[in-house]
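*Asks:* Each chain, letter by letter, is given below.
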Amino acid sequence: MAKYLAKRIFYLILTLFIVITVTFFLMKLLPGTPLTNQAKLSKSQIHLIYEQYGLNKPVWQQYLLYLAGAVKGDFGTSFQFSDQPVSYLISSRIGPSLQIGLQAMIVGVILGVIIGAFGAMKQNTWVDTTTTVVSILGISIPSFVLAVLLQYYLGLKAGWFPIAEWGGFIYTVLPTLALGAQPLAESARFVRTEMVDVLSSDYIELAKAKGLSKTGVIYHHALRNSLIPLITIVGPLAVNIMTGSMVVENIFSIPGIGEQFVKSVLTNDYPTIMGLTIVYSFMLCVVLLITDILYGIVDPRIRLTGKAN
Amino acid sequence: MADTVKLPEDSFKPITSDDRAALDSEKIAAPSLTFAQDAWRRLKKNKGAWVSLIVLVVIFIMAFGSIFVSPHDPNAVHPAYANLPSKIPGISINGFNGTLVQAGERIDAYKAAGASGAHYIMGTDYLGRDLFSRVLYGTRISLIIALVATLFDLTIGVTYGMFSGWKGGRIDTIMQRIIEIILSIPNLVVIVLLILILKPGMASIIIAIALTSWVNMARLVRAQTLELKEQEFILAARTLGERPIKIAFKHLLPNLSSVIIINTMFTIPNAIFFEATLSYIGIGISSPQASLGTLLNDGQKNFQFLPYQMWWPALILSIIMLAFNLLGDGLRDAFDPRTKE
Chain E
5 MAKYLAKRIF YLILTLFIVI TVTFFLMKLL PGTPLTNQAK LSKSQIHLIY
55 EQYGLNKPVW QQYLLYLAGA VKGDFGTSFQ FSDQPVSYLI SSRIGPSLQI
105 GLQAMIVGVI LGVIIGAFGA MKQNTWVDTT TTVVSILGIS IPSFVLAVLL
155 QYYLGLKAGW FPIAEWGGFI YTVLPTLALG AQPLAESARF VRTEMVDVLS
205 SDYIELAKAK GLSKTGVIYH HALRNSLIPL ITIVGPLAVN IMTGSMVVEN
255 IFSIPGIGEQ FVKSVLTNDY PTIMGLTIVY SFMLCVVLLI TDILYGIVDP
305 RIRLTGKAN
Chain H
3 MADTVKLPED SFKPITSDDR AALDSEKIAA PSLTFAQDAW RRLKKNKGAW
53 VSLIVLVVIF IMAFGSIFVS PHDPNAVHPA YANLPSKIPG ISINGFNGTL
103 VQAGERIDAY KAAGASGAHY IMGTDYLGRD LFSRVLYGTR ISLIIALVAT
153 LFDLTIGVTY GMFSGWKGGR IDTIMQRIIE IILSIPNLVV IVLLILILKP
203 GMASIIIAIA LTSWVNMARL VRAQTLELKE QEFILAARTL GERPIKIAFK
253 HLLPNLSSVI IINTMFTIPN AIFFEATLSY IGIGISSPQA SLGTLLNDGQ
303 KNFQFLPYQM WWPALILSII MLAFNLLGDG LRDAFDPRTK E
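Note that the protein sequences, when read in sequence, are chains E and H. Numbered per our numbering, the first sequence spans residues 5 to 313. Numbered per our numbering, the second sequence spans residues 3 to 343.
Mixed in with the good hints, there may be bad ones.
Think about it this way: if two alpha-carbon atoms lie no more than 30 Å apart in a straight line, the pair counts; the simulated DSSO-like pairs of lysine-lysine are [what the hints assert, rightly or not]: (1) E:126 to H:49; (2) H:201 to E:47; (3) E:161 to H:303; (4) H:47 to E:32; (5) E:32 to E:126; (6) H:46 to E:126; (7) H:169 to E:61; (8) E:11 to E:61; (9) H:248 to H:231; (10) E:32 to E:44; (11) H:201 to E:44; (12) H:303 to E:267; (13) H:169 to E:7; (14) H:47 to E:126; (15) E:218 to E:44; (16) H:201 to E:267; (17) E:11 to H:169.
Label-pair distances were calculated between CB atoms; the ranges are [what the hints assert, rightly or not]: (18) E:168 to H:37: 51 to 57 Å; (19) E:297 to H:161: 29 to 35 Å; (20) E:163 to H:38: 52 to 58 Å; (21) H:53 to E:75: 53 to 59 Å; (22) H:71 to E:102: 48 to 54 Å; (23) H:38 to E:300: 51 to 57 Å; (24) E:131 to H:60: 29 to 35 Å.
Hint data in this document are derived by calculation from the structure and do not stem from the laboratory. Ideal Cβ positions, reconstructed from N, Cα and C, are used throughout, including at glycine.
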């Protein structure tokens with residue numbers, strides 16, 4: 005286990021190193037300068053600005069400096085907001101994103117499991133049909149369409165929730181619903197298929213033959229065994245939420261990193277784009293690592309040798 | 003002991019050839035079906051998938067047919083006819099009869115704009131362009147992007163996966179590590195970075211989506227190849243001295259086809275979704291070109307007052323995604339009957 009963990013963490017660091025390197029050199033390939041009005045500036049002014057951002061050094065020196073900074077969590081200074089370090093920009097904005105993302109994941113998966121389990125138990129009835137319809141709709145409707153509809157009908161028309169901005173818990177409800185639809189649909193579908201499989205297995209027959217109550221069979225044997233593989237889709241769901249958050253945060257004007265990413269892209273704020281790319285990959289790597297370890301713990305049949313399949 | 007078995011007289015008659023044919027228990031009455039025919043038969047039984055297939059064919063014909071026959075020019079601007087609601091002749095349900103609520107009163111917007119004779123099935127946008135034509139045009143652009151990206155993604159993914167699975171060993175390990183690294187960055191982030199470098203536009207969106215979405219295909223194809231290459235028919239081909247490239251095309255590819263087709267059905271809606279997201283946040287298709295994403299973005303600005311401008315593209319986008327998903331599910335069941343029931 006310790007050996008496996010060490011290996012995985014080594015790969016995590018290697019991955020991040022490659023991500024940093026690739027994004028750094030991609031950014032160097034980009035056309036344009038951070039200056040908005042280059043024509044109006046004198047040579048010495050440009051020189052001063054370049055010096056301030058460290059852009060006058062050779063590229064390999066900039067790269068090494070960036071790498072050294074990134075290890076300490078320093079991603080340079082934002083082009084868009086002068087004098088604002090990127091790390092500060094990210095750390096002050098990551099809270100809302102994490103809160104909404106986690107809420108969406110938790111609410112989505114829990115509801116999805118419940119819906120999926122009911123669908124499997126009442127297989128081929130209207131309950132099952134509803135499950136299938138809900139899950140296929142959740143997968144097909146893009147989160148940003150859902151976000152606008154929720155904002156208009158529940159926020160503006162019904163007036164139950166604030167339509168935008170960031171405040172207390174009540175402000176997180178609509179974004180959470182918009183982002184949670186996808187995890188809900190995916191996990192409902194997954195749990196249903198998995199549980200239909202489990203319900204027809206021999207040990208369920210045995211449990212029934214032993215005279216266990218129906219809830220006992222469902223809860224102790226069927227549900228638990230169908231939930232284990234659910235861990236494998238947590239990684240892809242996290243990607244979905246990160247992707248969705250970029251647009252959903254914009255729609256609800258939430259001061260999160262997704263909104264910042266889009267803003268930085270539109271204003272060519274390269275240091276912030278790079279910093280956010282690294283943060284996104286770091287979060288995803290950690291999620292993948294945790295799910296892999298969890299999977300090994302809950303299902304001892306999985307060998308933790310690091311070899312896929 | 004005195005009992006004797008009394009057998010009827012005719013048991014001892016010789017069997018005629020007609021009788022033999024009727025008695026032949028080994029005979030298979032139904033015509034034998036090829037794998038594709040069998041899959042097709044199962045697909046037709048799946049109502050959702052069948053309807054989806056028809057819906058998709060209709061959408062394709064309408065989107066691509068609008069190159070030749072479009073109700074209006076999707077880019078023709080008529081400022082006088084701006085923001086007209088949907089009007090379908092002969093239907094007088096509010097929402098489809100060209101009326102809209104203004105200052106608490108329901109008025110005929112067409113009369114107010116001096117366009118009593120005209121009718122726009124989905125209404126017009128803020129520049130007076132026919133929304134129906136624009137939706138058809140946008141659907142076409144979205145579909146082209148998705149299909150071309152998927153084609154690239156197929157080629158890269160299938161080649162990569164087959165190569166990795168076939169070679170095995172160290173090469174496989176390294177190739178899998180590369181995939182793991184790509185998987186650890188959210189796709190949209192990579193796509194955005196690539197588009198920044200390539201400058202926004204249709205070609206760069208296609209390249210960016212293609213370069214990021216082949217990974218899933220490669221993984222599935224690799225897993226299947228690993229399984230297939232241990233089987234006897236591959237061993238036979240190898241023993242007979244067939245070249246690996248020929249084995250790949252003649253023996254592996256036909257056996258991989260169902261995995262590839264099914265995965266394509268999920269790649270296409272993903273590509274459409276990514277394109278819509280990019281256009282929605284403003285780094286995708288730029289005007290006067292339109293895609294479903296840009297139409298949604300335009301429609302969203304006026305959603306409070308003219309909700310139909312967003313409803314139509316949203317509806318079409320969702321229907322396309324839904325149809326591809328259902329068709330993909332149906333194809334999976336059709337190709338692999340073990341997964342069903």
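*Asks:* What hints, given by number in increasing order, does this structure fail?
*Replies:* Violated: hints 4, 5, 7, 8, 15 and 23.
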